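Asks: Using the hints, build the complex out of the two chains.
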Amino acid sequence: MSPHAEEEDATNAYQSLSETTGHDDPRWAFGSGFEDVQAEIEAPVPDGVDAADLAEYCLMLGDDALVCSHRISEWVSNAPELEEEVALANTALDLLGQARVLLSRAGHVEGAGRDEDALAYLRSDAEFRNVGLAETGDDLDFGVAVARLLVFSTWRLALLSRLVGSRDPVVAAVAAKGVKELTYHRDWAARWTLRLGDGTDESHRRMQAGLEEVWPHVEELFRTSEVEHRLVTAGVATDPAETRGEVDAVLDQVFAAATLTRPDRPGRGTLGGRGGRQGSHTEALGLVLDRMQSLARAHPGASW
Amino acid sequence: MNEPTPRRTWPLYEVFVRGKRGLNHVHVGSLHAADDEMALHNARDVYTRRNEGVSIWVVRADLITASSPDEKDPFFAPSADKVYRHPTFYAIPDEVPHL
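Chains as they are written, first to last, in this note's numbering: chain A, 1 to 304; chain B, 1001 to 1099.
Chain B on its own, in the form it takes in the complex (with noise of 0.2 Å):
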């Protein structure tokens, strides 16, 4: 046997499902692939198999822009006291359940 080569490692995905009763693809974790196409079955294959999902969206890890743990109060903080910013004040028709 010769000495294997080194491996370079499959760049990271993040998964998205939507379930079957599910509005939104929700993150669901994270995978290995070589390429798009290959995420997109490793998700079928890791993240489907106990009939959670009838959609999968796959994006590579590095494409996305995310906020920092540093930035955290300045991003979040003001919003804490602005009550008035929900709409509890509305009655919601029983036949709207996801607004």
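So here's chain A without its partners, still in its complex pose (with noise of 0.2 Å):
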């Protein structure tokens, strides 16, 4: 036997954790996928983009995925089962990667000192992008989680898939890496539709149940905001409005797989124009932020 005999045993499913990711490589921690985050994030701004809409539209994509994030990992150590937890706990990982990015990105682009973390933990309600959908509470309803993730991932697995070509380098980048993750959120969100919806009466109620308390969220995702106006122009940003056709077709087809019914529910309203794109939010995001920024806020600074 070679000396190396067990460095190089193929038959260990195991081994290659240790060479591709020690805890020397950023790309560990960081969960981005990047060579080299940081060359990557400092990347210039395209010409004739506007860097203020740039970093305004890395926040909302970043928003999106750091609260939406969030609220699937507060199913960590509550799931009916240990493995849909750690599927669980994927997602919300898969989703905070994109958000460091993202926020990093924007925090650079800025030009105002704020790293992912200072935009993170630092910012208040009104200064976040997310839509209203990401930050929907689920008080730990499996139905209410299922149908979260399943329109979410939908909607931003459609927009990704535009953005992989999109002029800025860190969106592009963002976008061909999160079109995979995203595309097993939807497969996950829905193979669970299908099994609850056309599974037991209950769990058919339960299921139901869950789209109603999310549906008056979807009208906003196709609500597209100056900001992104301006940068479809530069071709930077996608349309989201251009996504319906996609994301509704989707949905009916899990819908009549699932025997359930399409929600006939209006639109939660916006404020004077604004919504979540414009910082304003319901008061769940709120609660959110209280448990997200409890630890950075008492501890400025904290690391380990």
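Derived by calculation from the structure, the hints in this document are not laboratory data. All values derive from a computational prediction rather than experimental measurement. Watch out, some of these pointers could steer you wrong.
What the hints assert, rightly or not - Computed spacing ranges between beta-carbons, pair by pair: (1) Asn78(A) <-> Leu1040(B): 38 to 46 Å; (2) Ser1030(B) <-> Ala52(A): 22 to 30 Å; (3) Ala257(A) <-> Arg1008(B): 54 to 62 Å.
Unchecked claim - Computed cross-link-like contacts, SDA-like style, restricted to lysine to any residue with a CA-CA straight-line distance of at most 25 Å: (4) Lys177(A) <-> Pro1093(B); (5) Lys1020(B) <-> Asn90(A); (6) Lys180(A) <-> Ala1061(B); (7) Lys1020(B) <-> Arg114(A); (8) Lys177(A) <-> Ile1056(B); (9) Lys180(A) <-> Ser73(A); (10) Lys180(A) <-> Lys1072(B); (11) Lys177(A) <-> Gly273(A); (12) Lys177(A) <-> Pro1097(B); (13) Lys1020(B) <-> Val179(A); (14) Lys180(A) <-> Phe1089(B); (15) Lys1072(B) <-> Val1054(B); (16) Lys177(A) <-> Ser1030(B); (17) Lys180(A) <-> Arg1050(B); (18) Lys180(A) <-> Asp1045(B); (19) Lys180(A) <-> Arg1018(B); (20) Lys180(A) <-> Leu1040(B); (21) Lys177(A) <-> Arg1049(B); (22) Lys1020(B) <-> Asp36(A); (23) Lys177(A) <-> Arg1018(B); (24) Lys177(A) <-> Arg1044(B); (25) Lys177(A) <-> His1041(B); (26) Lys180(A) <-> Val1054(B); (27) Lys177(A) <-> Asp1036(B); (28) Lys177(A) <-> Thr243(A); (29) Lys177(A) <-> Ser1055(B); (30) Lys180(A) <-> Thr1048(B); (31) Lys1020(B) <-> Leu93(A); (32) Lys180(A) <-> Ile1056(B); (33) Lys177(A) <-> Thr1065(B); (34) Lys177(A) <-> Lys1020(B); (35) Lys1020(B) <-> Ala89(A); (36) Lys1020(B) <-> Thr183(A); (37) Lys180(A) <-> Asn1051(B); (38) Lys177(A) <-> Lys1072(B); (39) Lys177(A) <-> Thr1048(B); (40) Lys177(A) <-> Ala1061(B).
Don't be surprised by glycine CBs; every beta carbon is placed ideally from N, CA and C.
Replies: Here it is, written out as structure tokens:
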């Protein structure tokens, strides 16, 4: 046997772990998959693109991922089965990885010295740019959690698949990686929607109730903000209104297979034309931030 | 709230993963799932989340026929002293690492 027999044991399924994801590898902590995170994030703003708009857009995409990730992570230690808990934690971490890169990019482009932590932990709710769907709580009702993730992942996958060609290299890179992640999230949520919707009377009732609960937040997903309008022209953003056809088609297909009914509930209105993209949120976001930011605010600069 | 009905436990599955560089699927553990398809997805979530694998097999644990510890001696002891059964008397070429 060779002296490296142990290192070379090809039948050890876990060996690649220590080779590719040592703790010195920044990708391990970042969850971004980028070769050189810092260089990516500090790439120059593309010609003809307004830096303030780009920073704002990165906040929108980043805050959607960050806040939704936090909501999903509330299931850790609370899920009905260990296996599903790990699945939910994986999903939350995928979204957190996307958020970290996007918030870092926002902070860099903004140029005011704020890093991802400052943006995640030291902003007030009115400074967040996520859509209302991301902040919606589920009170640990699995039907609501599945419904929220089904709608969120279907919509975000439609967005990211259109952003792969964005002129901003960071947005494009997050999109390219995110498409694979969101495809799995959507698959997971659709499977559970099917299982519950086409299951027992009780599971059908609760899955339908979950959809009814999140439905008022669907309308906002297709509302185009002024920042997005300008960045569509600049070749950086995609128009969310254009994802409606794809999202509707996917959801209708899932609903039909799951014997569920598309909810008929009016969308949550805006406040003087302002919604989540303009910093107008439901009180649910305040509750998320209370918990998410408490440690960073109680112990500024803490690390471990 | 109604009295919760007693839960039936999901059946146990055994999980086999083929690593990136590995040749064989190897047993990595077990999990519970309601059916085969869910078992495959749960295996992806539980056992390949650190980039361990490129292929997964799952099989219901009750479908595996296993040797019993009682049969250990008649099964395995007779092969312990048959050194000539090992192909150690051949020179193995360097380019055949997994013989």
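Asks: If a hint holds in the structure, say so; if it does not, say that too.
Replies: Comparing the hints with the structure gives:
| no. | hint | verdict |
| --- | --- | --- |
| 1 | Asn78(A) <-> Leu1040(B): 38 to 46 Å | violated (24 Å) |
| 2 | Ser1030(B) <-> Ala52(A): 22 to 30 Å | violated (53 Å) |
| 3 | Ala257(A) <-> Arg1008(B): 54 to 62 Å | violated (25 Å) |
| 4 | Lys177(A) <-> Pro1093(B) | violated (42 Å) |
| 5 | Lys1020(B) <-> Asn90(A) | holds (20 Å) |
| 6 | Lys180(A) <-> Ala1061(B) | violated (31 Å) |
| 7 | Lys1020(B) <-> Arg114(A) | violated (39 Å) |
| 8 | Lys177(A) <-> Ile1056(B) | holds (22 Å) |
| 9 | Lys180(A) <-> Ser73(A) | holds (20 Å) |
| 10 | Lys180(A) <-> Lys1072(B) | violated (47 Å) |
| 11 | Lys177(A) <-> Gly273(A) | violated (33 Å) |
| 12 | Lys177(A) <-> Pro1097(B) | violated (35 Å) |
| 13 | Lys1020(B) <-> Val179(A) | holds (22 Å) |
| 14 | Lys180(A) <-> Phe1089(B) | violated (50 Å) |
| 15 | Lys1072(B) <-> Val1054(B) | violated (34 Å) |
| 16 | Lys177(A) <-> Ser1030(B) | violated (29 Å) |
| 17 | Lys180(A) <-> Arg1050(B) | holds (16 Å) |
| 18 | Lys180(A) <-> Asp1045(B) | holds (14 Å) |
| 19 | Lys180(A) <-> Arg1018(B) | holds (21 Å) |
| 20 | Lys180(A) <-> Leu1040(B) | holds (18 Å) |
| 21 | Lys177(A) <-> Arg1049(B) | holds (16 Å) |
| 22 | Lys1020(B) <-> Asp36(A) | holds (23 Å) |
| 23 | Lys177(A) <-> Arg1018(B) | holds (23 Å) |
| 24 | Lys177(A) <-> Arg1044(B) | holds (18 Å) |
| 25 | Lys177(A) <-> His1041(B) | holds (20 Å) |
| 26 | Lys180(A) <-> Val1054(B) | holds (15 Å) |
| 27 | Lys177(A) <-> Asp1036(B) | violated (28 Å) |
| 28 | Lys177(A) <-> Thr243(A) | holds (19 Å) |
| 29 | Lys177(A) <-> Ser1055(B) | holds (20 Å) |
| 30 | Lys180(A) <-> Thr1048(B) | holds (15 Å) |
| 31 | Lys1020(B) <-> Leu93(A) | holds (22 Å) |
| 32 | Lys180(A) <-> Ile1056(B) | holds (18 Å) |
| 33 | Lys177(A) <-> Thr1065(B) | violated (42 Å) |
| 34 | Lys177(A) <-> Lys1020(B) | holds (20 Å) |
| 35 | Lys1020(B) <-> Ala89(A) | holds (23 Å) |
| 36 | Lys1020(B) <-> Thr183(A) | holds (22 Å) |
| 37 | Lys180(A) <-> Asn1051(B) | holds (14 Å) |
| 38 | Lys177(A) <-> Lys1072(B) | violated (50 Å) |
| 39 | Lys177(A) <-> Thr1048(B) | holds (17 Å) |
| 40 | Lys177(A) <-> Ala1061(B) | violated (35 Å) |
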